[in-house]
Each structure stands twice: as structure tokens, then as C-alpha cells.
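2 protein chains.
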Amino acid sequence: MSMAPPNKSTLRSLGSIELQTRRELILARLRDAISSGELAPGTHLAEVELSESLGVSRGTLREALRHLQQDGLLTADARGRLSVRVVSEQEVDEIFAVRCALESLAFRQICDLPDRSVVIPELQAALGHLKENEGDFVAQLDADLAFHRRLCELSGNGTLAHSWQGVSGLARAAITAAGPQTALHNMAYQRHLPIVSLLAAGDIEGGEAFLAQHMSDAAERIVAQMQRARSA
Amino acid sequence: MSMAPPNKSTLRSLGSIELQTRRELILARLRDAISSGELAPGTHLAEVELSESLGVSRGTLREALRHLQQDGLLTADARGRLSVRVVSEQEVDEIFAVRCALESLAFRQICDLPDRSVVIPELQAALGHLKENEGDFVAQLDADLAFHRRLCELSGNGTLAHSWQGVSGLARAAITAAGPQTALHNMAYQRHLPIVSLLAAGDIEGGEAFLAQHMSDAAERIVAQMQRARSA
DNA sequence: ACATGTATGACTGTTGACAGTCAAGCAAAG
DNA sequence: CTTTGCTTGACTGTCAACAGTCATACATGT
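Residue numbers (UniProt numbering), protein chains in the order written: chain A, 1 to 232; chain B, 1 to 232.
Read the hints as simulated data drawn from the structure, not as lab findings.
Only a predicted model underlies this, so the values are computations on that prediction, with no experimental measurement involved.
We put the beta carbon where it would ideally sit given N, CA and C, even for glycine.
Treat the hints with care, as some may be off.
The calculated label-pair distances, taken between Cβ atoms and stated as ranges, are [stated by the list, open to error]:
| no. | chain 1 | residue 1 | chain 2 | residue 2 | range |
| --- | --- | --- | --- | --- | --- |
| 1 | A | Ser-88 | B | Glu-52 | 42 to 48 Å |
| 2 | B | Ala-28 | A | Arg-29 | 25 to 31 Å |
| 3 | B | Gln-20 | A | Ile-120 | 32 to 38 Å |
| 4 | A | Ser-57 | B | Arg-79 | 16 to 22 Å |
| 5 | B | Gly-156 | A | Ala-224 | 37 to 43 Å |
Whenever a hint applies, use it, and build me the whole structure from the sequences.
Structure below.
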């Protein structure tokens, strides 16, 4: 019995299996654990215990930890012990101010793009995910951040997207730490809709103003919730 | 023979010795090597060879490499081999656009500070270092970046300062890669002076406009030098 | 010649173990 | 009761070695 020889298109369509190294696996795992609150802020991360529970050696774990440390999600004390970063209320303002600056740049760069018509549908698709599953907090948070990330990516500025990712980890950790009562998910679709509209209109001034309000609102809401949770 | 008992002030003045781990030492060493061009862009970094030449084990080296990778100074190919990042001409524009957005935020936040009078002398001091040793290229580059870093630090926004550091590594690598002919050091003092003046005056609009011009000028000069070097 | 095995070398991924350091607890000396 | 010294336990810093994979080059068969 003879099989038909594979043609080039078949070979190409097979693609390549994505190779996930152990380090990358536990890196993603730890990222999720921190940003979801599974690892509460301030938690001490003992290397031996963590490596055993994750099923990897300490060396492999340490490489992932260095990555997270550079991301700002972990902090080291004088003796080198790592713990999950606790974001203060002041830092929430800082984080969202930086996000505002970066996303405003993305907005401007998209407006300066020769052809804006391609990015609008992309953002509308991201908006769609925001409209779906309105009850689920984490899903809403994911969709929220995904929308803003897409905004940065669509600017075509890879350095910008990379910088944004650097602060987004902290942003997500802060939002999660504040708790699901933050009510960030209420009306999330409506709150993000004007961004796309202003972008489609090419209104740079309007977009920047709206983004500034959008970010300061979010920061204020989170800080308020943190204070409420602290006094309780 | 009796010594006088140490009083508290003496004890306090002793301070504490700063503990430098091997990982941090070689991290700084590699940082310098990359940003100074000692390790040329595209250079392949073999772990065994590097660890031997640095006098550390592979494990220790790898932790430092992960740090640099996250900083964007190193890139990994499909097989995990690391090499010094080569910044394209497009990326130069990207990097300086991000720097502009971040430093503009720093400018605004300093202007919003209750007491601006404290930061002005600090920046003037940084300007002073820029005026000194005008012949030395690397010293000028150091002073240049130090000035901009100080601007971000003085904003009081630690997250902003951290994000800036994230792109500054790439910026420095790009400048060094373009070569000392970039003439970035010419009139560096005069080119930075208006930033402090506008800041002292609290002129946000003027400051942002100047920073935008400052950054796009720098990017243009670097790209031009890269093209010149490439065609030669 | 061309395609297919097959050894070889180089490199990264990963691991387990050793060494040094700090904190906590306890005992002895003042 | 305070201080000093010692022991124990836990933790991070560091290392050398094993295992798996890929590219290269050579040899083999058609």
C-alpha cells in the first residue's frame, strides 16, 4: 500500500509544534498564580518548597523567579528571599499613570498610521470579548487587559507593547489584590467603546483626554476599594 | 588598654557593607559589555564559554542571562540560544518614541509637584556632569542618560523610573551600535538646558513639545548614522 | 549524483548536592 | 535579668555533572 507523497502545502500546514520548556511552563504558571491572587501579595516564596510543589528543580525555578523579579511582580529582601510584591495605593496611581502615557502614545501612533481601517475591526473584536461573559470577574479582567494590550500591539511599536506588558503585570496584580468588589467589570463594554470611536475618528486630543479620564477613574476606584478592604 | 565604648552615632555611621552576589556582579558586567559595544550586536553567547571566562558556573550565569533577556538586551532563537539584540532602524524610532512618552509624563508629574524648587538643583547638577568631559564619548553618553534617568526619578513615580530603565538599555545599545560618530555629544549641554528651564517655568506644553523634538532629533541622527555605517 | 543512515561534536535544559549565612531557641555566665 | 555563646534548622548562593537535541560531516546504498 502506498501513500500519496506529501506536497509542500501539506508540509507547510503541519506547522511546527511549539516547544515549551519547563522554565516557561512554570513561569506562566507563577504569573497566573500571582495575578489571580492565588499567591497573595507578601507571600514568601521558599525555593525548595516551590520547586517541589511545581515539580521542577531549584535551578529551573530560580530562572523563572528572576524573570518575575525583573517584571516587578516579586521583590527581594536584603537576604535575597523573594516575596510577592505588595502594591501600595500610591503605586496604583503610578502604574495607571504610566499605562496612560503608553496607551496614549499607542493611540497617537495608530492615528498616524497610513491605514487605520485595518486596526478598527481588530479592536472591535477585542471589545466583543469584553461584552461576552459579563458576570465572570476574571474573564472580564482578562478581556479588559487584552483590549488595552491589543491597542498597544496594533500601534506597530513593538517596544511600546513590550513596555506595556512590563506594567500590565503590576496592574493586574493590583486589581486582583483590590478584590472583585472593585466593580471594574460593570459597564466595561460601554466604558471602552469611546476609545474605538475616537480612534476611528482620528481624534487624538479627544482620545488622550478620554484615556486620561479612563485611567484615573480606574485608579481611583481601585484605591478606594483598597482603603475599604484595609479598614474592614 | 581600654577602648572607648562605641556610641550609637558611631555604630550608625558604620552603615552596612553592601553585599554583591556573583549573579549581580556578572549581570552588571554583561550590561556594560553590551551597552558599550564590547559585545557587538548579534554576538552569540555560548553559556559554557561565557561562564568560564566570567569565572562563574552556568547556573549562576543563566540567571543573569534571563534578566538581560527580559530587559530586551538579549534575544533567544528557536533553540534557546541567546545572542545580543540587534536593534533595527525602525526600533530606534520606537525606542525613542516610548522614551518621549515616559519622560513627558515625568515632566508633567514634576510640574504637578507641590514643591518644584527641590528638583531643579538636582537636574542642574546632572546638567553639570554633561558639561564636564566633553571630549569623552562614553562619558557624555553616560551623563546624557543619567540626566534623563534623573528626570524620571525626580518625578517621584517609581514605576515610571523602572519602565524607563527598561527601555534605556535598548536606547544605549542602539546609540553605541550606531558608533561614536553620531555626534550626540556635540552641544549636549546646550541641547538639554531648555528642559530644565521649561521645567522651572512649569511650562508643560513647551516641555512636551521640546522633548518630542529632542527625541525625534536624536532618533533621526542615530538612524542616519546607522544607514551611513551600513552602506560603508 | 542523490537520498538516506549514522557517528560526532557542541550546545542548552535540567538536576541534585555542597557550602555559607542568618534567625530562633536555649543554656550558661555575668 | 541581661548578655553572651552555642546549637539547630532553614534558606539561599553556587557548582559540577547528566541528559537530550540539533547541526555537521562522513559514509553507504541505489
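Going down the list of hints, with the structure as the test:
no.: 1; hint: Ser-88(A) to Glu-52(B): 42 to 48 Å; result: holds, 43 Å
no.: 2; hint: Ala-28(B) to Arg-29(A): 25 to 31 Å; result: holds, 30 Å
no.: 3; hint: Gln-20(B) to Ile-120(A): 32 to 38 Å; result: violated, 51 Å
no.: 4; hint: Ser-57(A) to Arg-79(B): 16 to 22 Å; result: holds, 21 Å
no.: 5; hint: Gly-156(B) to Ala-224(A): 37 to 43 Å; result: violated, 22 Å
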